[in-house]
Each structure stands twice: as C-alpha cells, then as structure tokens.
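> Residue numbers (this note's numbering), protein chains in the order written: chain A, 1 to 253; chain B, 1001 to 1226; chain C, 2001 to 2226; chain D, 3001 to 3203; chain E, 4001 to 4203.
Keep in mind that the hints are not guaranteed to be accurate.
Okay, derived cross-link-like pairs now, DSS-like style, lysine-lysine, Cα gap no bigger than 25 Å in a straight line [to be verified]: (1) D:K3095 - D:K3109; (2) D:K3095 - B:K1005; (3) B:K1077 - B:K1018; (4) E:K4002 - C:K2018; (5) B:K1018 - D:K3095; (6) C:K2005 - E:K4109; (7) C:K2077 - B:K1077; (8) C:K2018 - B:K1018; (9) C:K2005 - C:K2018; (10) E:K4095 - E:K4109; (11) B:K1005 - B:K1018; (12) D:K3095 - D:K3002; (13) B:K1077 - C:K2005.
What the hints contain is simulated information worked out from the structure, not anything from laboratory work.
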Amino acid sequence: MWTQIKLAFHKLGSPLIFYRFAQTLIPWLWGLTLITLAAGLYQALFVVPPDYQQGDSYRILYIHVPAAWQAMATYIVMTILATITLIWRIRTAEIMAMTAAPIGAAFTLICLVTGAIWGRPMWGTYWAWDARLTSMLVLLFVYLGIMGLYAAFDDRRQGARIASILILVGVVNIPIIHFSVEWWTTLHQGSTINLFGPSTMDASMLPPLIWMTVAVKLMFGALLLQRARNELLDQDQRKKWVLEALRMGGHDS
Amino acid sequence: MNRSKAQPLIALLLSDLKRARRHGGQSLLPLVFLFSVVAMIPLGIGPGPNLLQAIAPGMIWVAALLSGLLALDGLFKSDFDDGTLEQWWVGDQPVIRLVLVRLGSHWLITALPVIVLTPVAAQMLYLPNAALGLLMLTLLIGTPILSLVGGLASALTLGTRQGGALLGLLIFPLIVPVLIFSTGAVSAFLDGLPVRPYLLLLVALLVLALSLVPLATAAALRLNIE
Amino acid sequence: MNRSKAQPLIALLLSDLKRARRHGGQSLLPLVFLFSVVAMIPLGIGPGPNLLQAIAPGMIWVAALLSGLLALDGLFKSDFDDGTLEQWWVGDQPVIRLVLVRLGSHWLITALPVIVLTPVAAQMLYLPNAALGLLMLTLLIGTPILSLVGGLASALTLGTRQGGALLGLLIFPLIVPVLIFSTGAVSAFLDGLPVRPYLLLLVALLVLALSLVPLATAAALRLNIE
Amino acid sequence: MKPYLTANQVSFHRHSEAVFQPIDLELYPATICVVTGANGSGKTTLLRTLAGVLRASEGELTRDASIAFIGHRAGVKDDLSCIENLVFMQRFYPKQANRHPLTPHQALKQAGLGPYIRRLAGHLSAGQRRRLALAKLLVAPADVWLLDEPYTSLDTHACQWVDELLDGHLSDQGAAIVTAHQRQPSLARTLHRLEVVAGARAA
Amino acid sequence: MKPYLTANQVSFHRHSEAVFQPIDLELYPATICVVTGANGSGKTTLLRTLAGVLRASEGELTRDASIAFIGHRAGVKDDLSCIENLVFMQRFYPKQANRHPLTPHQALKQAGLGPYIRRLAGHLSAGQRRRLALAKLLVAPADVWLLDEPYTSLDTHACQWVDELLDGHLSDQGAAIVTAHQRQPSLARTLHRLEVVAGARAA
Ligand code: HEM
Ligand SMILES: Nc1ncnc2c1ncn2[C@@H]1O[C@H](COP(=O)(O)OP(=O)(O)OP(=O)(O)O)[C@@H](O)[C@H]1O
Ligand SMILES: Nc1ncnc2c1ncn2[C@@H]1O[C@H](COP(=O)(O)OP(=O)(O)OP(=O)(O)O)[C@@H](O)[C@H]1O
Ligand SMILES: [Mg+2]
Ligand SMILES: [Mg+2]
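Just chain A, with the same shape it has in the complex:
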C-alpha cells in the first residue's frame, strides 16, 4: 500500500510525464489569465466608482492586494513542495519549489512598491517601520535568501534540498505577516475582506478584486509550470527523455 503510494508519487514526478502535463496546461492557463485580467482591469478602472475618501488612488488596491496574497500563497505552495522534496526527493518538486521563489519575490516586490506608492497619499510617507511592512520586507529577504542559497550550490539537487530546509523554517513568517495587523498597532489597515463572513469592504468594490485575484493565481500557475519546464529541460539537456519529448513536440507543430 505504502509503496504503491510512493510509486504513484514518483510517477507523477517523472520528468517526461511532468513535461507533457506542463506542455498541455500552459497555453490554457495563459489564455484564462488574459481573460480574467482583462475583466478585472476593466472593472477596476472603469466600472467601480471612486472612493468617497480616497478618490481614484485607491484603485491601486486591485494590484496591491492580489499581489500581496499571491506573495504569501506562493510561499505556502513552496512549503508543500519543499516537504515533498525532503521526504521523497522527487526531482520535479525540487525544481518547482526553486523556480517558484523568484515568482514569489516578484509578487512581494510588486506588493511593496504598490503599497509604498499608495502610502504616500494615504499616510504621507512611502515607508514606515511598522509590523506588516517590515514582515513583508522580511518575506522578500527570505525569498532572496532561498534564491541565493540555491544558486550557491554547484550541485543543483543538493542546493534544492538545502534551500528546502530554509523554506520550511521561513514559513514562520507567513502567519506573522497575516496577523501583524492584529498583534501590533500598525499604520496598515486591518483585514477588511473576509472569506468566511461578511466583509467590511463595500460590496461594489469587491468583484474586480475577485477577478484580479483569480487572474493572478492563474498567472502564477502558468509562470510556475513554464519556468519549471524550462529548468528541467536545461538541467537534462543531454538526457534521453528530452530528445524524445522534443522530437514529439516537433511532430505536433
């Protein structure tokens, strides 16, 4: 029983099967991303009314918040992949965990930058050392640390395993980011959007946020699969399965 589960896992982790899986999924993901993104941006820019307090500047929310959520979600995905890496040593999981890091870092950076831009009109300053902002900056450093550690190893598999340990340890920061607004008095506003209960945000402002969030999630999926696929091809350049896969790809087109 146990060995069967293990076998299934390893099959899923086989580079060729992963390659085919990614190859079919990527175009779909990009297509859906474009559609949802278009819907979300249209609504955010043209449909929802200006805020009675903030005027139009609040519209940056529709980038800021999905990016913030994705920055954290990416880390949680990496945590799961890192666990698989360390326990089962599955190569595709290693590669996905590592290729997710720069994506997560990018979303973190987007969140920080949009937050800072928004902070100027709202709080009168680009940056303050409050708990949420700081813990988000810490997340960026954690991402950079993971990338740096992975890059520092000559043997990429060894690097991936060692960086996975760091991923597991760094996950402590995620609840800190999320609850920082409750644990400390911060400049940053508290949770206004609640998945499992009534939100304190005006209902009319919600739909574009949902569209944008979905778009960002889809984009993450597409980017992750794409980067992982490329990394896999790069690492296995001279392996048999790559030649095989590429030949088959050639037939298709």
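Chain A is already provided as a structure; the job is to place chains B, C, D and E with the ligands on it using the hints.
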C-alpha cells in the same frame, strides 16, 4: 539519558570551550565589541543622555547580535574542513544533540559574557535601572534564538564556501522579529505600557526555534556533507 | 612598473574578485548588512526622523566598519590554509605589492558597495542631502584605513588561529579615531562649524597607514608562515 | 558467524548519476578487504557510504558493528595538542564493551609521538599528523576499521606499524576495509580485494 | 656549468633548535635529488627553506634559477574550477624566457583531468587534486622543481605520468628535488640522494 550517551556530548562541550579559550579568549571579542560600540555611539551621535537612553536597548542588542554573528563563521566550518564533522554521522550518534551542544557552546561563548556585562553598558548609556532587568530578561530569552538561527544559517551555507555573504542574507530576516520584540518590550516599559505580550511572543519564538531549528540544522549539515 | 611585474598583481586582483563573486556575491553582504543595520536601528529605537537623522552618519559608518570586519577573517586565512600564501615567498615576488592588492580587493568588495549605496541609506535615515556628500567623502578617505588596519590585524593573528578574538582587540583602538573624525566632520557640518580640520586629520591618517601598514603586514605574514 | 557489514548492490549518486558501479560486499570478522581503483573512481565515496556519512542512493546496506572511519582529511583538531586530541576522541566515541582501549598516552607512544605529547596537532609534520589520526583506532577501538589510504605520508617504520595494527585487529576478531594506491597492507593473511569502477558518466 | 642552487651547511632553527642537521647541496641542471628521512626529520622544512619560504637560520644559500615549489598542501583554490586555478597560476608566476609553458587546457588534458575542466577544485578526489597541483609545473614552468611527496594519493598511472614529467624536465636542463617515502621516482637516470636527519633535540 544515561551516562554513556551523555559522554560524547560532554566531551564536545569541553573541547569547544577549551578551543575557544585557547583562541585568545573568543568570548573576549563580544565584550570588546560591546564596549566599542557603546563607546563609539556617543562619539558618533553626541553625548545627550536622552538620546542615549532611547537607543541604549537597541545598541546593546545590536552588540549581542554582532558578537554572535562574528563567531558564526567557524561554528561548523573548521570541523567541516578538518574532517571531524563527518565523524558525527559515523555509527549512530544522536546528531541533533551534538548540534544542540555546539549551539550551546556558541551561546556560552558569545552571548553569556555580553549578558553578564550588560549592567555596566546600560549604566554607560544612562538606561534607568528599572528597565535594566527587563533588558537582561529579553537578552536571556532572545540570544539563544540568535544562536539557533545563526547555527542554522551557517549550516545551510557550509558547503558553499561563502563565509559571511549568504549568511547575513539568511540570518537577518529571521532575526529581525527577535530584535523588534526585545527592544519593543523595553520601550513599552519606558513608556509605561504592558510588556507581557512582547515577552510572551519572545518565549513563543524561542520555543518554536528550539523545536524546529536543531532538526533543520542537523539535516542541513548532513546534506552539505554529501 | 613594467608589464611583466604587474601581471601577477593583476592575476591576484582578478582572482580575488572572481572568488568574491563566486561566493554568492560577497559584496552583497555589506549591502545586506548596511540595510539590515539601517532597517534594524529604527526598529530598535523607534522611527522618529530627528533621532534617526542624528545617528545616521554613525550608523552608516558602523555598517561600513562591520561589513569590512566580517570579511577580515578570510583575508589571508584561506590562502594560509590551502598553501597558496607560502607561494608568495617562492622566488622573488614583490610581497608588499601583493599585500596591497589583496587589501585593495578587500576594499573594493566590502567598502565600495557601501559607499555607492550610502545615498539610499541616508535617505532612509532622513539625513539632509547637503551632509550626504561630506559623509561619502569621509567614507572614501576612511574606509581604506579600515582595510589597511584590518589587514594588519588579520595578518598578525593568522597563525594563532584566533579568528576574531584578538582581531577585535587589535583593530578597535586603531579604528576609533577614524570613526571620531568622520562622524565628527558630519556633525560639525550640521552644526555649521568648519569641517576642514577633520578632513585633514583623516587624510593624514590615511597617508600614515598607507606608508606603514603594508610593510608591517608583509612582515607579519612571513612570521606566521614560519 | 554473521557479517559485520553487508552491502547489496550499493551505489551513491551525485548529480543523479552513479559515482561508482554498484558494489556487493560481505565483511566478516577477522577479514580485511583492500579497495583499489584509479583516482576518482569512487573509493573514498564508497568508504564514506559504508561508514554512514553518505546515504546509499541505491541498494541495501546493513551494519551490525561499531565502525571507525579515517578519511583523507585526518579528523584531527589543529588547535588541540596531540594528547588533547586523543582524550577528546576517547570520550567522543561510545565505548565498546567487547574492545579494550589504550590510554591516550600509551597510544601516542605506540604511534611514535611520545616526544610530541603537548605539541599542537597543527604543528606536526604530515606523517606525524597521520600517525595521530591513526592512534584514534587504539583509544576508541571499533569492530570495523574503514581506512582511506592509511599509508599516505608515512615512512617505512610507520607503515610497518600500521601493518601490525591491522594484524592485531584481525586477530582480535576485527575487520577492516582499506583503500590503497602505492603501498598495500603486507600481512600474512589473505587480503580480499575489491576493485571500484567509476560510474557511467565519469567513465 | 653553474649550479642552480647551492646550500652550504644550511639549517633552519625553530625555538632556537635546529630542525634538521646542516645540509650541503649543489643542484646542477639536469640532475635530480631524492630526499629521504623519517617522519618529522625535517624534509618539508628543508624544501621550504630551499624555496625561500623560510629563511635559513644558518649556512649559506644561493639560488640562481626560477623555482616552483609544491608542498603537502596543494596550493590549489577550492572555490575555483580546475581551469580557473591553472589560468591563475599561469598569470601569477612570472614567465620564464627559457621555458615554454603549456596552455591550461593542454596541461589539464595531460594530467588526466580533461573531463573535469569546470569542476570546482574542492570537489575533486584526493588524487585529482594532486594532479591539478602538479599541472602547475606545466603552465608555469621553472628551472628547479621542489616537490614534497609528489606521489601522494596518485594511482599507478599518474605516478608514471609524474616520472615522465620529471624525465622531460631533466632532459630540458631542468633540475628537481623530490621527497619521497614509499614510491620513489623511477627514471633511467642517476638519482642523487640526500638523507635528512632530525636536529639535536628531536633525535
Ligand atoms: C509598502 C507598504 C505596504 C505593504 C508592504 C503592504 C502589505 C500588505 C499585505 C502583505 C497584505 C495582505 C495581508 C493579508 O491578507 O494577510 C496587504 C493587504 C492590504 N493592504 Fe497593504 N501594504 C502596504 C501599503 C498599503 C497601503 C498604503 C494601503 C492603503 C491604505 C494598503 C491597503 C491594503 C488593503 C485594503 C489590504 C487588504 C486587507 C485585507 O482585507 O486583508 N496597503 N497589504
Ligand atoms: N563534492 C563533490 N562534488 C562533485 N563531485 C565530487 C565531489 N566529491 C567527489 N566528487 C567526484 O566523485 C568522483 C569520486 O571521488 P572519490 O573521492 O570517491 O574518488 P577516489 O576513488 O577516492 O579517488 P582518489 O584515489 O583520488 O582518492 C571523482 O570523480 C570526484 O571528482
Ligand atoms: N609550525 C611548527 N611549529 C613547531 N614545530 C613544527 C612546526 N612545523 C613542523 N614542526 C616540527 O618540525 C619537525 C620537522 O617537520 P617536517 O614537516 O619538516 O618533517 P618531514 O620530514 O617533512 O616529515 P613528514 O615525512 O612527516 O612529512 C617535526 O618534528 C615537526 O613536528
Ligand atoms: Mg580517495
Ligand atoms: Mg613533510
């Protein structure tokens, strides 16, 4: 733990301490450091008692942090280079315990001297006596976290021959919360606000670190030896 | 100096820089360091602009100092351990020049990045723009002194395998004046007082260090190799 | 009699390629196995795998004995004196009920380091260092000795001493696996042999 | 013909005691001298003195040639790849007008490290490291080679390569001083011999 299991641990602790002493008093460095920082800060920013008092906890904490940091480079590296580290996995030694002992000796060598002499430094920076006890308490809870996290970072970067480079990048994000809570506690105290939440958070971090980090460190060491 | 004599020096410089880059960007460390310190200080002491501005020059200087210090441990040590250091005396290489090159690469790797990014850090600490130029000038004159003195200390402590310990003891007394004059210059400027005396003193220190230290360092290295 | 150590198609992978071709081995008490192979064929890697420092990537490995491993890097602390090194080793390795350790002093004498008891290990000559590393076998005895090129840097006299050590160990129901290039153990016993061959890619 | 190297009652003192008994030596072009002696007798110290790393405490030493010294510690940077190590060595040592260096690539091929050009030196096996260190003699050639146990960790094939290197060097008017314990250079030439004896106290 019976006697025969404890013996390797004691042997490791004693040899760590002896080697530290042999090295011209490795635990002297943190003190020099502490007092240099404490002496330099007023030189750098001018000697106003109010200003000094405001920055005192932060400064003492930074000194403790840096003294720990400076000793990290050699925490596992010399054992790695001379072939003694791989001996930890020969036979079935309890490696996590060896890691804990090594981290313990790091703490004894770098943090303890700083804590013991904090009262003097606090005096030099005009910190009120009442706040001193609290500051020392935060140091007592916080510095083991530094040792644990630092040990993890140095284990992670062991095979990379990067000495300090990655180390800093890895340590700081994990350390910053400790620093925030510790100095936050002292400022809260000085402002007459409750300090318990800060201390509880620190203790929580310590427990978290104590339960996660030795395991992660042992795993990282092992992976690096491969 | 003709071409054939310069070639070993260039080779050493290039390999130092390459190894620093290989190490995950060793010159990233000082920056991480700078920004961590710059980020931690406000956390430690609270984010009041006035307070921050007052301590900004001191903080940036301490960051530069520490980033240089952290890299000192490996300045000659790894060459000593792997047997490349003794090669400096095989044949008749100009060892003093090799020492100068090594110190130069230390400066390029640890100090230059800090200097280049000082404007950003200064911004974060609310330092007035007018004082920024002066701060950078003091860094430009002062950090080479740090590299020189640090190199001497690390050469002196090489054979005793003492890593940081004695190093700190040796460095600080020599470094404190640099720090005083540098931050003194900036405070004087902010208070509207003349800064020339400070700068002249710094330059004098630099000239002194530049003429004495490489010789002493080469001698110390030689002694340790025996 | 049960073997101390059994390896069944054991190999170790790096960069997902086998470093050496799979190895079969049964090491019984009172036997010695000499491992040969070209530079880079994977002898050291094999010994580290057998010692438990590396985890075998494939195959099955069972150990049923106490193990002492002495690699290329001597496992000696440069900043401790000879005697301090041995005292540490004696305490660090769990004591084996069936083996009788010498005191550090006796071991140093045997290794010909008598005059250098208080000298720092970092100040020893290459051969003296090697002797110190080997003296560990006397103060912290184990059933199985895994020795990676023990004769490196040793003079004729010390090489004979190693041979004697091995002989005594085997008489004492011990077992040993020894890698060697130039000098091989010269004992009045059968030396089992194992040729290590580099894995697919390196070949 | 002038000797490359002349030592007249040379000795080196440590803690004000002679490490080895005074040495007389004249090294002429196309000659090789094999240094023997027990562990700790001072062979390494002698070679380091002749190389100029240590200053002779007594006696007179004159050098009239370019010198390459390869000690116990290989002088190889672990964090540079094989090729980077050799490129550095080629640039670092002053070029000799009368000697013809190989390119780093050629030297690595000769040393049997062709497949490992980009591998970090720290990831090489013990023998591969030694080969890399010896390859320096090809990229930065010198008149006199001072080799401290060059055969250490080398397999049979590589040992022969070293013999060929030495032979070629001697044919090329080079000279060499080589310490050795177990394996000694096997050349179709006269090997001059020098026995090093430990100084007063150590004896
Ligand atoms: C650099 C500055 C900023 C950073 C690093 C930052 C970071 C974050 C993060 C990490 C989240 C997700 C929290 C979670 O779901 O657990 C978030 C959410 C949010 N941020 Fe920011 N933020 C910044 C500035 C701002 C500003 C200036 C505003 C506007 C006043 C703002 C408004 C929001 C809102 C409305 C949410 C959604 C809150 C919720 O419902 O959970 N942020 N931000
Ligand atoms: N950390 C590492 N990373 C990558 N490759 C390595 C590493 N360590 C060893 N190797 C490679 O693995 C192979 C086997 O090395 P190993 O040290 O086991 O050889 P060996 O048989 O002991 O050789 P020698 O006789 O030279 O000691 C070599 O080709 C070596 O380059
Ligand atoms: N740094 C040092 N401090 C004190 N003593 C030293 C130091 N280096 C070497 N010695 C001693 O000097 C003596 C000669 O050492 P040397 O390394 O020259 O011997 P060797 O002939 O090369 O021996 P081996 O065959 O073991 O390589 C030895 O007794 C050694 O212990
Ligand atoms: Mg080997
Ligand atoms: Mg020697």
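> So, for every hint listed, does it hold in this structure?
Here's how the hints hold up against the structure:
no.	hint	verdict
1	D:K3095 - D:K3109	holds (21 Å)
2	D:K3095 - B:K1005	holds (10 Å)
3	B:K1077 - B:K1018	holds (17 Å)
4	E:K4002 - C:K2018	violated (42 Å)
5	B:K1018 - D:K3095	holds (23 Å)
6	C:K2005 - E:K4109	violated (29 Å)
7	C:K2077 - B:K1077	holds (13 Å)
8	C:K2018 - B:K1018	violated (37 Å)
9	C:K2005 - C:K2018	holds (21 Å)
10	E:K4095 - E:K4109	holds (21 Å)
11	B:K1005 - B:K1018	holds (21 Å)
12	D:K3095 - D:K3002	holds (22 Å)
13	B:K1077 - C:K2005	violated (36 Å)
In summary, the structure is inconsistent with hints 4, 6, 8 and 13 from the numbered list given earlier, while agreeing with the others.
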